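Colleague: Protein chains in written order, with the working numbering: chain A, 1 to 312; chain B, 313 to 624; chain C, 625 to 936.
It is worth saying that the hints were derived from the structure and are not from the lab. Note that the coordinates shown come from a computational prediction; the quantities given were computed from them, not determined experimentally. One should not assume that every hint holds.
For each label pair, taking beta carbons as the anchor points, the in silico distance ranges come out as [stated by the list, open to error]: (1) A:F209 / B:T443: 36 to 44 Å; (2) A:N157 / B:V507: 28 to 36 Å; (3) A:P159 / B:V507: 36 to 44 Å; (4) A:P159 / C:P729: 43 to 51 Å; (5) C:G886 / B:S572: 45 to 53 Å; (6) B:V567 / A:L160: 32 to 40 Å; (7) B:T573 / A:N157: 27 to 35 Å; (8) B:G364 / A:S80: 51 to 59 Å.
Heads up, the beta-carbon is just placed ideally off N, CA and C, and yes, glycines get one too.
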Amino acid sequence: MNKVWDDLVARNQVAGYLDANLRGASQVFLQDNPWTGLMILAAIFWGAHAAGNLEVAFGAAAGLVISTFVAILLRADPASIQQGLFGFNGILVGAAIPTYLVSHPAMWVFLVIGAAVSTILTLAISNITQTWGVSGSTAPFIFTTQLLLLAASAFANVPLVPMQGAANAPAIWPSDGFDIVARSISQVHLIGNVVTGVLFLIAIAINSFRSAVFAVLGAIVSLVVAVGFGANSGAISAGLYGYSAVLTAIAVGAVLNRPSTGVTFYAIFAMIFTVIVQAALNTAMAPIGIPALTLPYVLTMWLFQLPKAERR
Amino acid sequence: MNKVWDDLVARNQVAGYLDANLRGASQVFLQDNPWTGLMILAAIFWGAHAAGNLEVAFGAAAGLVISTFVAILLRADPASIQQGLFGFNGILVGAAIPTYLVSHPAMWVFLVIGAAVSTILTLAISNITQTWGVSGSTAPFIFTTQLLLLAASAFANVPLVPMQGAANAPAIWPSDGFDIVARSISQVHLIGNVVTGVLFLIAIAINSFRSAVFAVLGAIVSLVVAVGFGANSGAISAGLYGYSAVLTAIAVGAVLNRPSTGVTFYAIFAMIFTVIVQAALNTAMAPIGIPALTLPYVLTMWLFQLPKAERR
Amino acid sequence: MNKVWDDLVARNQVAGYLDANLRGASQVFLQDNPWTGLMILAAIFWGAHAAGNLEVAFGAAAGLVISTFVAILLRADPASIQQGLFGFNGILVGAAIPTYLVSHPAMWVFLVIGAAVSTILTLAISNITQTWGVSGSTAPFIFTTQLLLLAASAFANVPLVPMQGAANAPAIWPSDGFDIVARSISQVHLIGNVVTGVLFLIAIAINSFRSAVFAVLGAIVSLVVAVGFGANSGAISAGLYGYSAVLTAIAVGAVLNRPSTGVTFYAIFAMIFTVIVQAALNTAMAPIGIPALTLPYVLTMWLFQLPKAERR
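Whenever a hint applies, use it, and build me the whole structure from the sequences.
Modeller: See below:
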């Protein structure tokens, strides 16, 4: 099937554009595979449907195609476009805006602007971070979304969904482990749904089994650390202490460094530290009322990848 | 007249120093012309006089000459000094300090320190930003002034003018458009005065007609966007949603990129995004009570200029 | 004695590790001398004992050896390890954690994680800052500690010592000068003790007399400036307006630049500005309740050292 598809992509511009978008959906988990992306999109629609807010899924799809299209418009590097490196920030902006803004035409205006800006920011940030050999990762999504949400507070015609603090849910039991691990994986796309998490995991595994193993490891390590330090049990239960560590685990443990025992220990330490950064950013951002999104992952990934040049 | 003046500047050190300062006054709008600078200075004095706070104008003049003098003292690049590239941050610091601090000897101490630091910060920031081919722009003014204002909160002998939030003024009518556009241009120098705005515009036009057209375009686009999103009408009316977009328009649309239809659309999108960044920074800085100054412009300009290396 | 020790260090790994750690203790004051470091450690134990919180001293020692050990583990540059360039951030993390967190097993878990992360952050930050020829200085200590303290707010099992704002103590008299100068020097290691400050000063002087002179100058200048601007007298009296200026004075005036009259004036201006940055960061960080630590020094040092490339 891959060969047939690849041939089609090489010959047909529409198929090529579709392929770039599907790979963009998979790049959030640092995978480069259109079938992984297709399955992730399906899982997002399932999760959004289950939560009764399909706009999250339509927004994600819209953010994906807009950001990829803007990259073509700005004549960005074609190979990067094809690998989906402009779409993965757009899909996240597109999922985040309907999550935090009330359904309203102005919400869609913000979503379109945000998706377009995420591509410009991808170019700007990668121009800076490549100086030290690290990627911009999801930083364009984070900064774009945080700016849009802060702006919405000042705009009467762009209403925000009231932020509710995670309630301190009942104590967490070992039997809750499976669900929390799955939700931690699904929260990477701002969705708290067990089925979505399992589908994401399968989608990752069909491209890279090691990445899937580390995704689960990241979710487990972050769960143990968050419970151990006494983090808010409602937030833990929703997977909100896990999604950043899932990405750290895949990035540091499976994708960016050559596998070795040393790298595995280094990655586990990075997962532990991601939970601390998550808690820190939750505290730091509370006064201005914006979510940390995947910033704990991005900061930790930079922190643990930047020393490489020295370590070699 | 230009030739006579240029000859004098080449022969006479005092005229050279005066020329560098006048160009510094014009560089706030990214122009390099002593007559533009002279007219801008006159317009600042008019606006400060009209507002009954001449210290803003004397402070601006003092900031200008001090920052330029410190650049000479530190043996900065003579060509940059002559183009006024050290004065334009100093003039802005000098206008901002008497705007936000109560008239008092300590205010002048802060102003002198701030003007001197702005030159050191200009050297420091340009050393960093030139790595990626962008200028430091008004970042030295912004960071110096914000630091001084934050410090004043902790110093009993350096009293701050009480910050009043912009009241929600009556609704904005199309007939208010001209005044708001003019005030948006005048607010670049922290002055809300229609005559000053018109004089600024003429001063820009005598050096670069395209810059003047884009200044007006930036003011109009930001007005429409701010009204459309439902921003605070008092702030819009005072020109506070416009001054950053005016600078973005001049920078991205007229000065930093070669004119083309694509650049014009790119610049219009940058102006729209400047309004969002302005609203976002107003929200983000509210808990610590400092103004965003021209940071919305600088961030947007960096965002839209940094991809260039990739786009080529 | 130095020769005997150097021979031992060259032959014996344990002595080499001890030497690296002692130099690490001295590098906080930008000195590279094991005897200076030994005396500083002794002075820390004295100060912690006098304050009835010996965990600060044991924490400092633990942070020192852990961060140095992690640098060896990560195969960092051996010459840098030997000079103590990985230990000085660890010793500060180790002193800060027991200062701000309640004595508790989780406090020690945080301390160990923090010391290890400070080494990774030292590699990451120096990789960035060396692009412009400046050192990362104590930035790894600052960011690690601030992250850990912000995280502790969100963790029920990692209790924070309640932050008390510095009370406005009685007015400061010239006769208080000696004690405040000494406490300013001791506060570099988060200790407010006159004897510790005097011992620190002697320890610096046995390696570099000029550094000791500038340390005193930094403490005096910051005292005069803070009193003049009307800063909180309790904070001034505790040395909290002095420690950053002490480091700025040593760095800009004695270590990083070749001595000259110009450099001395430049350094004095840097000391004055450090006090303003200190006040500004105190204000800016109040809403999220974290201490500025030595960030005023690091920001000022970067600001005043970054222009160098241009000034030459």
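Colleague: Indicate, hint by hint, whether the structure satisfies it.
Modeller: Structure-based check of each hint:
no.: 1; hint: A:F209 / B:T443: 36 to 44 Å; verdict: holds (40 Å)
no.: 2; hint: A:N157 / B:V507: 28 to 36 Å; verdict: holds (32 Å)
no.: 3; hint: A:P159 / B:V507: 36 to 44 Å; verdict: holds (39 Å)
no.: 4; hint: A:P159 / C:P729: 43 to 51 Å; verdict: holds (46 Å)
no.: 5; hint: C:G886 / B:S572: 45 to 53 Å; verdict: holds (48 Å)
no.: 6; hint: B:V567 / A:L160: 32 to 40 Å; verdict: holds (36 Å)
no.: 7; hint: B:T573 / A:N157: 27 to 35 Å; verdict: holds (30 Å)
no.: 8; hint: B:G364 / A:S80: 51 to 59 Å; verdict: holds (56 Å)
Hint compliance for this structure: no hint is broken.
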